[in-house]
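So the sequences go chain by chain: A and B.
FYI, in this note's numbering the residues of the first sequence are 1 to 285.
FYI, in this note's numbering the residues of the second sequence are 1 to 285.
It is worth saying that the hints were derived from the structure and are not from the lab.
Some hints here could point you the wrong way.
No distinction is drawn between identical chains; accordingly, a pair holds when it is met within one copy or between any pair of copies.
What the hints assert, rightly or not - Cut-off 30 Å, straight-line C-alpha distance, at most; resulting in silico cross-link-like pairs (DSS-like, lysine-lysine): (1) K36 <-> K102; (2) K80 <-> K32; (3) K246 <-> K38; (4) K86 <-> K36; (5) K142 <-> K102; (6) K246 <-> K142; (7) K80 <-> K142.
Here's the letter readout for the chains.
Protein chains: 2
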Amino acid sequence: MQAEIRRVYFLSNGTAITAETLGHSLLAQFPKLHFKTKTIPFIDTLEKANAVSAEINQGVDEAGELPIVISTMADPELKKVINRSKALILDPFGDFLPRLEKILNTVSSNLGGQSHRIASPSLYESRIDAIDFSLIHDDGCKTRNYNETDIILIGVSRTGKTPSCLFLALQFGLKAANYPITEEDMESEQLPVPIRSFTNRLYGLTTDPNRLVHIRQERRPNSPYASLDQCRYELRVAEEMYYRHKIPFLNTTTMSVEEIAARIVEDTGLHRVETASLSQTDQAI
Amino acid sequence: MQAEIRRVYFLSNGTAITAETLGHSLLAQFPKLHFKTKTIPFIDTLEKANAVSAEINQGVDEAGELPIVISTMADPELKKVINRSKALILDPFGDFLPRLEKILNTVSSNLGGQSHRIASPSLYESRIDAIDFSLIHDDGCKTRNYNETDIILIGVSRTGKTPSCLFLALQFGLKAANYPITEEDMESEQLPVPIRSFTNRLYGLTTDPNRLVHIRQERRPNSPYASLDQCRYELRVAEEMYYRHKIPFLNTTTMSVEEIAARIVEDTGLHRVETASLSQTDQAI
């Protein structure tokens, strides 16, 4: 028999990214169950809130089981409408804001969608700069400005360098370059010239050979490039290179882009730049 | 007098991205206060948990004010250590998991760092494919495969097309291309040839002229490109183009990359692909 599939809503009067992120973390604690999720952002009028609530209630009638709602509605009136729905309502704002108000001895603004607005134009710009930098310095394309990088990821083709760099830039505001280790580099005991004088900024990626075969097969099916022998050889030589030059490295086989980026930041002691808003006081634009 | 700066910790035995995201949302509700935040991910041993707890307590002694802790620790033993710290502990797992267990009639796995692991290799690959696609189709570089795109962002230089596309790919798994509107295009009443037959996938970005001046000045100070007249002209013509061809568009002046991306998905009815893990049952690698 098909497992019961529980309906889950992520609701917000902002982007719903917070509700989604928290919701995924909670649901991941029930690995054997299946969930059918729906994200509804920007619920910012009474009309929209009523429509969403009606949709949630409709689900109860059909399935006979209560849906789950993870809601970060901040507006008190709209929140009231959502929280009256026939569902298990998990409302972190409702639970945590009163406790924060008490310890901070002030009231909260009850404004939705604050966390993903621009707190500070200069912070926004440094984040965009990091993204620009990481794009320009993708895949060893440009190597002249490595003295400006926060980190240079190295590894053989398709070990996750590019998405990891983009995530480091987007989420953590870091200038992350990446440089591919190619066949020629493997025959030398020395590091490739462009990265040789930046050993303290290098960070290696590696993965399981079978996983690499699978990923490369998607790109160039049945090519020597995607063969198990070739993948094994390249990964072995790259790992020897990391050991020889004392370059920290990570096996990314089962890791998501988020986890790779967070591990790199942790391992290297880099500073996670606050790309999300904390204070609106310097919101000048 | 300098405003009191409250210390805030985001703690997790995983990436801490969930704790950080929720924490930023909560703190953003107190726009007049200042916070000093510290993220500590991968607290996965008793030793680390004790060290973090000691650090939190140390802060109390010095400042005389309770720090705030937003913690998504899942391991019960480690959580216990953290929750004994002298701080206001906000623990969404502790509050919400028992309620979820009750309605789902099962126990949670108490495993940390599940939400940012790979749930499904195929999902991981489709996300990486989206990133690859968006990189290749940045800035009108390659236009042949527009029939595969989920969306094509258009706009004049420096309106946020590139970071928005990358975020759409990373966060929502969407294949997002972008095409710049250049001076030549502005003199024509028609859409540029490469995008002309894809009007139903086009989405325009615009911004405030003064904001655009500021951003362009950073890149090419005192150039005609960064002048107020030029910025005003380009934005006006671009907006006329959006109206003429019935292209939906967004003014991104005060928006973060997250908000731009979430608004675009909402406006266009695109499906947010679940890039984060929901079920570990198909975790095969």
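These are the hints, each one checked on the structure:
1. K36 <-> K102: between (37 Å within a copy, 18 Å between copies)
2. K80 <-> K32: For K80 and K32, only the inter-copy Cα distance (26 Å) is at most 30 Å; the intra-copy one is 33 Å.
3. K246 <-> K38: between (46 Å within a copy, 29 Å between copies)
4. K86 <-> K36: within (17 Å within a copy, 39 Å between copies)
5. K142 <-> K102: Neither way: K142 and K102 sit 52 Å apart in one copy and 55 Å across, limit 30 Å.
6. K246 <-> K142: Close inside one copy (24 Å), not across copies (39 Å); limit 30 Å.
7. K80 <-> K142: Cα proximity of K80 and K142: none, with 54 Å in one copy and 49 Å across.
Hint violations for this structure: numbers 5 and 7, all remaining hints satisfied.
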